[in-house]
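Student: Chains as they are written, first to last, in numbering that gives the first Met the number 0: chain L, 0 to 387; chain V, 0 to 355.
Treat the hints with caution; some may be incorrect.
Think about it this way: if two alpha-carbon atoms lie no more than 25 Å apart in a straight line, the pair counts; the simulated SDA-like pairs of lysine to any residue are [unchecked claim]:
id	chain 1	residue 1	chain 2	residue 2
1	L	K2	L	R361
2	L	K257	V	R2
3	L	K248	V	L72
4	L	K2	V	L72
5	L	K2	V	G106
6	V	K287	V	P253
7	L	K2	V	E220
8	L	K2	V	D51
9	L	K248	V	P81
10	L	K248	V	D51
11	L	K2	V	R2
Derived from the structure by calculation, the hints contain no laboratory data.
Just so we're clear, the structure is a prediction, and the values are computed from it rather than from any experiment.
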Amino acid sequence: MSKEPVAVTGIGQTRHVAARRDVSIAGLVREAARRALDDAELTWSDIDAVVIGKAPDFFEGVMMPELYLADALGAVGKPMLRVHTAGSVGGSTALVAANLVAARVHGTVLTLAYEKQSESNAMWGLSLPIPFQQPLLAGAGGFFAPHVRAYVRRSGAPDTIGSLVAYKDRRNALKNPYAHLHEHDITLEKVQSSPMLWDPIRYSETCPSSDGACAMVLTDRAGAARSPRPPAWLLGGAMRSEPTLFAGKDFVSPQAGKDCAADVYRQAGIADPRRDIDAVEMYVPFSWYEPMWLENLGFAEEGEGWKLTESGVTELDGDLPVNMSGGVLSTNPIGASGMIRFAEAALQVRGQAGEHQVEGARRVLGHAYGGGSQFFSMWLVGDRPPTS
Amino acid sequence: MTRDGTPWAREIAVVAFAQTGHRRTSDELSEVEMLMPVLHDVLAQTGLRTADIGFTCSGSSDYLAGRAFSFTLALDGVGAWPPISESHVEMDGAWALYEAWTKLLTGDADTALVYAYGKSSPGSVRDVLTRQLDPYYLAPLWPDSVALAALQAQALIDAGETDESALAGIAARNREAAAANPHAQLRGPVPPGDYLVRPLRTGDCPPIGDGAAAVILAAGERARELCARPAWIRGVDHRIEAHAPGVRDLTDAPSARLAAERAGAFERPVDTAELHAPFTAQEVILRKALRLDAGVTVNPSGGALAANPVMATGLIRIGEAAARIHRGDSDRALAHATSGPCLQQNLVAVLEGDPR
């Protein structure tokens with residue numbers, strides 16, 4: 000028996016900001032869940048199961064928070080799962096939820112990811128103490144900057160590419176009312192003159208630290224038929240992992256990312272991603288990851304990704320828009336960031352992305368990664384149900 | 000059964016199970032070193048190599064490990080190269096098994112490796128578990144896991160459903176059963192001891208310890224190739240209750256009952272039950288909720304009262320139940336896992352062997 004087709008019929012997110020001091024953690028997640036239900040025109044009783052995800056529990060200081068959040072998410076008497084796969088978790092959580100529908104275990108599932116980073120300091124939360132790690136790194140930027148430098152050296156990319164990505168994403172965010180950063184006075188010069196944090200990554204080329212949640216309603220064919228608005232259909236989804244460190248690991252273009260994309264494309268019948276996919280919402284926490292992932296995901300040949308960025312292909316009105324929402328560079332509640340990417344992909348094919356809508360977007364890729372460039376989750380959604 | 004009431008698309012079975020010898024401390028071992036022999040064990044039982052596994056899923060907790068992303072190190076033990084299809088739940092490994100089971104149901108994979116581990120020894124696990132509670136209204140009071148279990152036990156005694164000597168009997172029976180279990184931490188007679196939190200004595204509480212477990216799942220014919228008598232998962236379901244102890248009837252476990260019903264446990268009697276009841280009074284509640292009569296062999300392994308490596312204890316219940324089916328000691332077994340204070344969240348799996 001083939002898999003049940005999975006549709007996204009409800010999407011909700013909070014207006015992401017640095018600190019949501021007006022709500023509890025429960026209040027934050029309920030706000031996003033409520034909006035997803037409203038979008039699908041469903042109520043709590045229509046939901047069969049809840050799958051939540053977030054990054055490390057230390058970020059809020061709540062261990063296994065699904066226990067405490069059961070009431071707020073209407074899960075009492077229902078199955079509730081909690082996924083944690085590092086930065087990719089928002090994507091992985093959506094895929095775990097999708098499998099419940101695909102396997103015909105449940106008909107309609109609420110999936111949600113969140114982070115309330117104002118409860119702690121995420122940078123130091125990510126800086127592991129001795130004896131787990133040498134005291135050489137401070138935050139994720141310290142980990143990723145050497146790999147960005149390796150990319151620049153390997154590809155020969157001009158050193159302005161990173162700033163072009165940041166300038167684009169921050170301008171896209173101005174069209175997205177849910178984005179955290181709305182820098183109305185941004186200019187390319189301002190990005191290029193912002194302080195250098197981890198060479199070559201400047202302050203304006205890094206992601207913010209946000210409070211936010213994102214939720215989606217996933218449902219089967221019958222649920223999609225009742226949907227008041229056009230659904231997004233899951234055409235392919237996959238996760239891949241590899242170890243953090245090992246001899247021969249390619250940090251610039253990890254094999255797990257390539258394998259994950261290949262699996263998604265195979266499921267969706269994508270022969271040429273550059274031609275067959277209309278837009279990409281990818282996990283770019285530091286600007287340079289746009290060209291790096293364009294290559295890793297097969298949208299450009301190795302060493303050529305930066306040319307797509309430089310020539311404007313990835314602009315909102317370009318031939319392959321990337322991070323229409325403003326991306327992780329404009330909004331980063333870490334545990335939710337992957338799901339926001341997946342949700343933006345679904346919004347686009349539903350034609351509901353508002354001012355940052357890409358005209359005629361029919362197949363859009365959502366991408367997330369985490370850990371030391373080692374955990375990948377991706378889904379490709381379309382405006383029509385899968386044919387096979 | 001599926002949501003439509005039709006049979007599952009594929010039959011999926013537990014084909015191998017392994018666990019560590021659970022110990023009070025494992026200072027000399029990292030989590031990865033603790034896990035490695037267990038992974039090698041289940042692979043050896045089936046003759047599979049890491050590269051043959053279609054999907055991998057694990058359960059563990061950063062709060063026990065004392066560091067963020069602690070599960071990433073365990074990947075080294077799995078040998079995730081070439082890259083693997085893999086996921087992780089920040090829950091007991093029983094829920095990792097649930098995720099893997101759904102993955103196999105979709106047909107995306109034919110085999111799955113599921114593992115879980117936890118070291119309670121580095122910190123004070125009673126205090127650590129308070130961090131699971133509502134961060135605004137409950138956690139600031141630091142009600143520890145034993146204190147909450149004691150509230151539950153007292154409620155049960157007040158309801159006239161048990162008494163302290165009956166609880167001592169449950170403790171004794173579990174530890175006696177554990178005498179035959181080389182992996183158990185507390186084996187044979189254990190004195191009831193002093194009150195830890197009244198009415199619970201030390202004997203009513205689980206040992207604190209470190210351990211790991213692993214299971215291999217396989218679908219259909221693949222399961223029969225890998226195991227002489229696969230433990231078929233006839234159903235598995237899990238449910239959660241309200242969080243605040245004050246709004247729950249602590250003498251009952253409606254979520255466990257509902258999960259059992261959805262897993263098909265009440266369709267025919269089981270001969271064996273492995274219950275995740277770290278405190279004696281919780282066995283009383285679960286026997287009632289799961290309708291286990293005196294004819295059912297409960298916790299032949301000694302259960303969580305004999306070994307309680309937090310995050311792996313629930314998966315071990317499924318593994319122990321499956322192993323009895325593999326050995327021909329059981330034909331239909333129920334396995335139960337729990338999470339949260341006072342049995343807040345419960346999972347039930349029903350396993351069967353082929354007719355003999």
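Student: Take a quick look at whether K2 of chain L and G106 of chain V sit within 25 Å of each other, Cα to Cα.
Tutor: Roughly 8 Å separates the two Cα atoms, so the pair holds.
Student: Check the hint pairing K257 of chain L with R2 of chain V against an upper bound of 25 Å on the C-alpha distance.
Tutor: 35 Å, violated
Student: Given the hinted pair K2 of chain L and E220 of chain V, is their alpha-carbon gap at most 25 Å?
Tutor: Holds. K2 of chain L to E220 of chain V sits at ~19 Å (cutoff 25 Å).
Student: Please verify whether K2 of chain L and R2 of chain V have alpha carbons no more than 25 Å apart.
Tutor: Cα-Cα ~14 Å, so holds.
Student: Please work out if K2 of chain L and D51 of chain V have their alpha carbons no farther apart than 25 Å.
Tutor: 23 Å, holds
Student: CA of K248 of chain L to CA of D51 of chain V, is that 25 Å or under?
Tutor: Holds, because 22 Å separates the two Cα atoms, which is no more than 25 Å.
Student: Are the Cα atoms of K248 of chain L and L72 of chain V separated by 25 Å or less?
Tutor: 16 Å, holds
Student: Within 25 Å, alpha carbon to alpha carbon, are K248 of chain L and P81 of chain V?
Tutor: Holds, at about 11 Å.
Student: Between K2 of chain L and R361 of chain L, does the CA-CA distance stay at or below 25 Å?
Tutor: 22 Å, holds
Student: Against the 25 Å threshold, does the CA-CA distance of K287 of chain V and P253 of chain V hold or violate the hint?
Tutor: 10 Å, holds
Student: Against the 25 Å threshold, does the CA-CA distance of K2 of chain L and L72 of chain V hold or violate the hint?
Tutor: 33 Å, violated
Consistency note: the structure conflicts with the earlier hints numbered 2 and 4.
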